[in-house]
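If you read the protein sequences in the order shown, they are chains A and B.
Just add 22 to the spot in the first sequence (first one is 1) and you have this note's numbering.
Just add 22 to the spot in the second sequence (first one is 1) and you have this note's numbering.
Just so you know, the hints here were simulated from the structure itself, not pulled from any lab data.
Treat each hint with caution, since some may be false.
Copies of the same chain look alike in the list, so a pair counts if it fits in one copy or across any two.
Straight-line distance between alpha carbons at most 25 Å, and here's what the computed DSS-like set of lysine-lysine pairs gives [stated by the list, open to error]: (1) Lys443 to Lys49; (2) Lys36 to Lys311; (3) Lys393 to Lys123; (4) Lys350 to Lys372.
Protein chains: 2
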Amino acid sequence: MLSIDFKNTFKVAKQHGLAQKDLQASKKDLQNLLSDVHSRNQNFYSIVDDTDELKRIAEVASHYKDILHVVVCGIGGSALGTICLQRSLQHLFQEQRKSKKVPQLYILDNIDPTMMVEILDVIDLPKTLFLIVSKSGTTPEPISQYMYFKNLIKKAKLNPEKHILFITDPEKGVLREIHEREGIPMVPHGPVGGRFSVLSSVGLTPATFAGMDTKSLLKGARDMRDLFLSTDAKKNLPFQLARAQYLLEKKGKTINVMMPYAQKLAFMADWYRQLLAESIGKEKTRSGKMVNVGITPVKALGTTDQHSQAQLYNEGPKDKLIMVLAVKNLHKTVPIPMLHKELPELQYMKGASFNKLIDVERIATCNAYTKYDVPNLTIHIDTVDAYHVGALFMLFEASIAFLGEFYNIDAFNQPGVELAKNLTRKNLSRA
Amino acid sequence: MLSIDFKNTFKVAKQHGLAQKDLQASKKDLQNLLSDVHSRNQNFYSIVDDTDELKRIAEVASHYKDILHVVVCGIGGSALGTICLQRSLQHLFQEQRKSKKVPQLYILDNIDPTMMVEILDVIDLPKTLFLIVSKSGTTPEPISQYMYFKNLIKKAKLNPEKHILFITDPEKGVLREIHEREGIPMVPHGPVGGRFSVLSSVGLTPATFAGMDTKSLLKGARDMRDLFLSTDAKKNLPFQLARAQYLLEKKGKTINVMMPYAQKLAFMADWYRQLLAESIGKEKTRSGKMVNVGITPVKALGTTDQHSQAQLYNEGPKDKLIMVLAVKNLHKTVPIPMLHKELPELQYMKGASFNKLIDVERIATCNAYTKYDVPNLTIHIDTVDAYHVGALFMLFEASIAFLGEFYNIDAFNQPGVELAKNLTRKNLSRA
């Protein structure tokens with residue numbers, strides 16, 4: 023279902039690459055490593071076993087049969103996973119399609135006032151459900167959006183209980199209080215927040231509204247989770263990936279470029295940007311030693327960014343690991359008709375298809391990286407579907423847990439964002 | 023119209039920041055620098071004086087009154103500028119708006135076969151114009167797309183001359199040959215290609231079809247060009263910006279994050295990624311010395327990425343300069359209604375607006391960067407309109423020309439992408 027080809031990391035000059043033994047580990051070592059990971063956080067991978075969650079969400083969703091628009095109000099981890107699901111699993115031009123069988127998802131992960139006004143030009147309030155996602159219930163973006171839309175709902179003499187649905191902590195918090203007091207329904211937020219939440223109600227609820235195959239999504243994640251729990255390093259893909267990232271970072275590859283060769287996977291790279299940046303960018307180790315570690319994630323897209331970024335990757339500083347995502351069956355064959363037999367410059371495309379062209383460009387680009395001593399690896403999946411997207415989510419989440427161990431940092435907190443949050447609170451109330 | 027606030031680069035610890043004198047230069051020095059820049063390339067800034075171009079394009083566009091969809095087939099510099107124009111100057115949800123006064127732009131900057139098939143579900147072929155953009159006429163992506171769509175046009179018994187328009191080199195190349203032989207119309211490609219082409223026919227033609235204010239776009243660019251030609255360093259914003267980027271790169275800030283606080287400017291960062299990466303990522307100096315220089319551009323968006331990237335920027339390695347784009351008037355005031363006077367946790371939002379909230383978050387986030395010794399500067403514009411977008415394009419293009427001089431590299435070539443292109447050609451014809 024999913025494999026990783028590390029070959030080009032072995033082929034580049036030694037100081038820029040890896041040796042095969044770098045990705046190996048004894049059963050004993052992997053056992054110890056896994057037991058450390060378990061002691062930090064088991065929720066992020068055990069949630070995929072909770073298949074009852076899907077039934078609970080389906081039950082809630084069944085109450086909103088007439089809805090045409092679902093507006094997700096969330097930011098960061100409450101939005102990026104859902105955006106990735108939307109872009110990976112729906113039609114590329116879903117918004118423009120005339121007849122739709124599922125409600126249109128809009129994900130408002132910003133508070134630009136222009137966005138707050140222009141969204142009203144395209145949604146039909148009586149047919150819209152607002153999904154407010156915040157674990158704590160105090161994140162300024164979704165909460166301000168909630169008050170804004172609720173005000174409009176009330177002005178239109180509609181019932182907020184029918185048009186607003188919370189995803190929030192079932193134990194505490196502001197949104198839970200409002201839910202109890204005013205009867206606005208809620209789906210419980212799972213035990214993992216933010217960047218690890220896509221496989222919980224945070225991602226599964228909008229995915230259910232959009233009619234996605236959430237069962238296969240969790241199945242793909244579970245199958246990868248099983249590899250992650252294996253003490254056989256050959257099978258443990260998250261271990262191998264994390265090991266490669268870590269050892270190459272030690273060799274100066276402080277930037278990881280994720281470059282899918284599939285239009286629908288473009289937003290996987292956006293989701294991953296948060297996961298890697300926020301989990302591994304840390305000032306201190308667990309024991310309080312100042313280290314300022316971190317790997318900077320960069321999003322790229324093939325073939326598009328070959329015409330934009332490849333010049334830098336090849337000739338610039340040797341500070342990058344390129345992680346390509348390749349898809350075996352993007353689509354059934356779409357031939358490129360050779361309409362100009364008279365033009366010798368175009369004959370290299372004779373008999374080609376778009377499928378072949380994107381593949382050949384990908385392989386050529388990776389071979390060029392290798393020639394330039396830029397380490398690159400390729401993650402292969404069979405097709406862009408719910409199963410493989412679930413597997414990718416778990417591959418990356420689990421590899422992050424290993425990275426946390428290698429760096430001896432807490433991969434699950436984010437102390438560095440508190441200062442700006444406090445300043446916002448202080449300055450807004452003063453303004 | 024546009025100003026740059028460097029204050030926070032002066033406030034951070036000395037080893038991570040700048041001194042005010044770093045951005046100064048004598049009239050003489052600037053004169054020499056400008057004369058070096060002129061000797062490399064004058065086209066990129068002189069094209070904005072060619073206001074007859076707009077008349078020529080308007081004349082061509084007037085032949086396509088019934089068109090509802092304009093599909094731009096181009097990649098890299100032939101797409102990124104147009105995407106930025108589309109996202110900056112059109113409604114945020116233009117695709118979903120019911121009544122449109124202008125044709126819908128689709129920009130196909132990839133060759134994923136899924137995209138090539140799914141686009142057909144949303145365009146109406148008899149009402150569609152395909153704009154094929156390639157200076158050389160041999161770029162595989164637009165050329166394969168051209169043959170694919172032309173084949174469909176012919177199968178539908180439509181006339182290719184009415185549904186295809188080339189933007190290509192008026193002197194030579196494959197598309198020009200086809201234009202002459204088959205009468206498919208063409209708009210001449212300007213003298214600057216790729217990443218410097220947005221202010222030429224490459225960007226102006228789709229902008230004209232989409233009814234954008236191209237006059238103001240060029241006016242903004244011209245006004246900035248005049249600052250760029252000034253030998254007074256205080257006025258020369260492109261000089262100051264380039265100087266800051268260069269000196270901070272020498273202090274280890276090898277990553278430049280462009281972070282607009284405006285949903286509509288998100289794609290300015292994508293356009294800039296190509297400009298910076300491809301221009302400055304170079305293996306050799308002009309005299310052939312091996313240097314492997316480059317600055318890695320990273321796209322971020324405020325407030326969205328505060329919840330995703332800020333942890334890394336603050337606590338991770340000190341390898342970044344953050345370049346914020348701030349907009350004075352994003353929209354007329356959109357108040358946040360305080361619907362929950364009973365909840366003390368939300369009272370900090372009392373009396374606030376989305377305008378205020380995004381501003382306060384931006385300033386708080388920049389102040390946090392500064393506290394963490396992460397150098398950051400803010401480019402202020404009045405509003406997101408054609409004039410200011412034109413000024414931003416020219417600010418960045420001109421600063422790149424200066425960067426080329428500081429590094430003594432050719433900022434206008436891209437030798438590092440040839441290898442993959444050759445491998446593609448070879449392997450495709452062999453396949």
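Quick one: Lys393 to Lys123, C-alpha cut-off 25 Å, is that within a copy, between copies, both, or neither? neither (48 Å within a copy, 50 Å between copies)
Taking 25 Å as the upper bound on the Cα-Cα distance, should Lys350 and Lys372 be classified as within, between, both, or neither? within (22 Å within a copy, 53 Å between copies)
Up to 25 Å CA-CA - Lys49 versus Lys443, copy category: neither (44 Å within a copy, 44 Å between copies)
Is it within, between, both or neither when you check Lys36 against Lys311 at 25 Å Cα-Cα? between (30 Å within a copy, 23 Å between copies)
Checked against the numbered hints above, the structure violates hints 1, 3; every other hint is satisfied.
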